[in-house]
Amino acid sequence: MRHHVLPVVVVLAAVVVLWYAAAVWLNYDTAQNLADDGASRWDIVAATMQQDRPLLPAPHQIAGELIDSTLFRPLASPKSLLYHAGVTAAAAALGFGFALVLGVLLAVGIVHVRTLDRSLMLWIIASQTVPVLAIAPMVVVVLGNIGLTGTLPKALIAGYLSFFPITTGMVTGLRAPDPMQRDLMRTYCANGVQVFTRLRWPASMAFLFPSLKVAATLSLVGAIVAELPTGAQAGLGARLLTGSYYGQTLQIWAALFAAAILALLAVAVIDLAQRALVRRRGGRL
Amino acid sequence: MSAWLALLALALGGPLLLALLARRDGRFWQIATPLAFGVLILLAWQIVCQGFGVPPILLPAPSAVARAIARNLPMLGADFVQTVLRSVVPGWLIGCGAGLAAAIALDRSAFLRRGVLPLGSLVSAMPIVGIAPIMVMWFGFDWQSKAAMVVVMTFFPMLVNATAGLAGTGAMERDLMVSYGASYRQTLWKLRLPTALPFIFNALKLNSTLALIGAIVAEFFGTPIVGMGFRISTQVARMNLDVVWAEITLAAVVGSASFAALALIERAVTFWHPSFRT
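Read top to bottom, the protein sequences are chains L and E. Sequential numbering from -13 applies to the first sequence in this note's numbering. Sequential numbering from 19 applies to the second sequence in this note's numbering.
Chain L on its own, in the form it takes in the complex (with noise of 0.2 Å):
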C-alpha cells in the first residue's frame, strides 16, 4: 500500500500543476478583455483564476463551490448539491437493486438450462452494443406518458446499463467449480439444490463483487443520463444540462465531481460488504 502512495501523490500534484496551467492559457484571453488598461501581466494571470464563468475554472475554485453548495445551503433547497445527489443517487441505487436481482436471476437461468444458454446469451451481448443510453431519453419521454414520473424511469435505465456486467459475471462465477468439485459433491450425494448453495453459488462470490463495482458505476451513469433529455428539475444530470445552458461552468465541474465522488462512495460500500463476507468466510473470497 505505502508503496503506492508517493507515485500517486505525485502523479496528482502534477495533474493540479497542469490543470491550473491549463486554466491561465485557456482564461488567459477573456481576463486580457475584461482587465483594466494597465493592468499588468500578472494581473491577469491572477484574474483567470477568479472568474465567474472561466472556461476551464481552477481547481481550488470548484473547491469552493463544491463546499459553498453542499455545506452552506439549506439540505432541501434546490441550491444545494446535497439534494441533486441524493435524486440522483436514490434513482441509482433502486436501478442497481433491479439489475442485482435481474443479473443474478439471469445467471442461475443461463447456467442450469440450456435453452436458456443457447438463446439468450447471444442477445445479453448485444444488447450491450447497443448505445444503451441513446434510448434513456425516450424511454423517460414514454414512461412519462403513461403516468410513471420521477425516479423509477431512472431506475429502469440504470438497471438496464447494469445488469450486464453482474449477469456475466455470475455465469462466469456459476461456472467456475471445476468437474472434480462437481464429482466430490456427487460423491456426497448432493442435490441439485445443495450443489447450488454449498458450490455453485459460494464460488460465484468472487466474480460477483468486481461485477458489483462496475455495475454500480454503470448505474450511476445511467440515472445521470436519464435526467438530461426530460428537462429534469433535479439531479446532477439536471444540474449539467442547466450548468450547460446557462454557460455556468462552475456549476458543470462541480456536478461531475460531486458524480465521481458519489461513484467512489458506492465503490467504497461495496468494498466493505466484500471485506464483511471475507471476514465471514475466514479471509477467502
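These are computed hints drawn from the structure, not numbers from a lab. Treat the hints loosely; a few may be bogus.
Claimed, not checked - Only part of the chain E face toward chain L is listed, based on derived beta-carbon distances under 8 Å:
no., residue
1, Pro52
2, Arg132
3, Pro145
4, Val154
5, Gly158
6, Phe239
All C-beta atoms, glycine included, are put in the ideal place defined by N, C-alpha and C.
Please arrange chain E on chain L, whose structure you already have, making use of the hints.
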C-alpha cells in the same frame, strides 16, 4: 380475442421450438437458436402492438419502425455520416491510439505506472459522459466536440487494459528474450505486444460501444441539425417514436457490426491464443 390466442400460441410454442433447437449441436444450430429467439420477440412485439392497439406514441410496432427506416433512408444516411464517420471513428482511433501509446510510455517507468494506474482506474470509474457539455463548450457544436468526447471516453479503458496486457508476460519468457540478446524494441514488438493483444482487443471492443454512446450523448448538448443524438432528442419531443426507433436500430446495427468486426479481426490476429484454439 384473436390477439390473446396468438400470444398464447407464441408463449406455448416459442419455448418448445427453442428447446428443440437448443438440443441440436453444430455451428448452424448454435446461431439459429438465438436468431429464432429474436424473431419470436419481434413477433410478440408486433402482436401486442397490433392486437391491443398500443398507441404508436408509446411503442411503435416493428413493421412501423421498418417503414420509418425505409422512408427516411437519406436522413439516416446523413446522421450516420455525421455521428459515426465524422465523430466516432476519428475519436475512437485517436483515443485508442493515445491510450496505447501512453501505456507503452508508462511501461518504461515503474514509478509512473504505480502513480497513474490507480488514477486511471479512478477516472474509468467516473461518469465521464458528464463532461459532454464542457466538450461542447470548448470545441463548438460540430463534430469536433463529439470526437473530443469520444477521445476522452476511450483513452482510459485502453490505458488500463493495455498496461495490464503489457505486464502480462511471464519472467521466463522475458528471460528468454534477454538470453537471445533482444533489444527493448524487439522484446516489445515480438513478445510483449502480442501477449497484450487480447487485452488491447478487449479495450477496442469495449470502446466501440463507449464511443457511440459518447458521441450520441454529446449531441444532446448541442449539434448542427444532423446526427443521431440530435435526431433522437428532437423526434422524441415531436412524438415521432417510429423515427426514434429507426435511429436506435441504426445505432444497434452499427454497434453490433463494429463489435462483430473487431471480434473477427481479433480471431484472425490472435489465432494462437488458447481461447480460440480448439
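We went through each hint and held it up to the structure:
1. The closest approach between the C-beta of Pro52(E) and any C-beta of chain L is roughly 4 Å, which is under the 8 Å cut-off, so the hint is satisfied.
2. Annotation: interface hint on Arg132(E) holds; nearest CB of chain L at approximately 4 Å, less than 8 Å.
3. A distance limit of 8 Å between C-beta atoms decides the matter here; for Pro145(E) the minimum to chain L is near 4 Å, and the interface restraint holds.
4. The beta carbon of Val154(E) comes within 7 Å of a beta carbon in chain L, closer than 8 Å, and the hint placing it at the interface holds.
5. For Gly158(E), the interface hint is violated, the least distance from its beta-carbon to any beta-carbon of chain L being 13 Å, above 8 Å.
6. The criterion of a C-beta within 8 Å of any C-beta in chain L is met by Phe239(E), whose closest approach is roughly 5 Å, and the hint holds.
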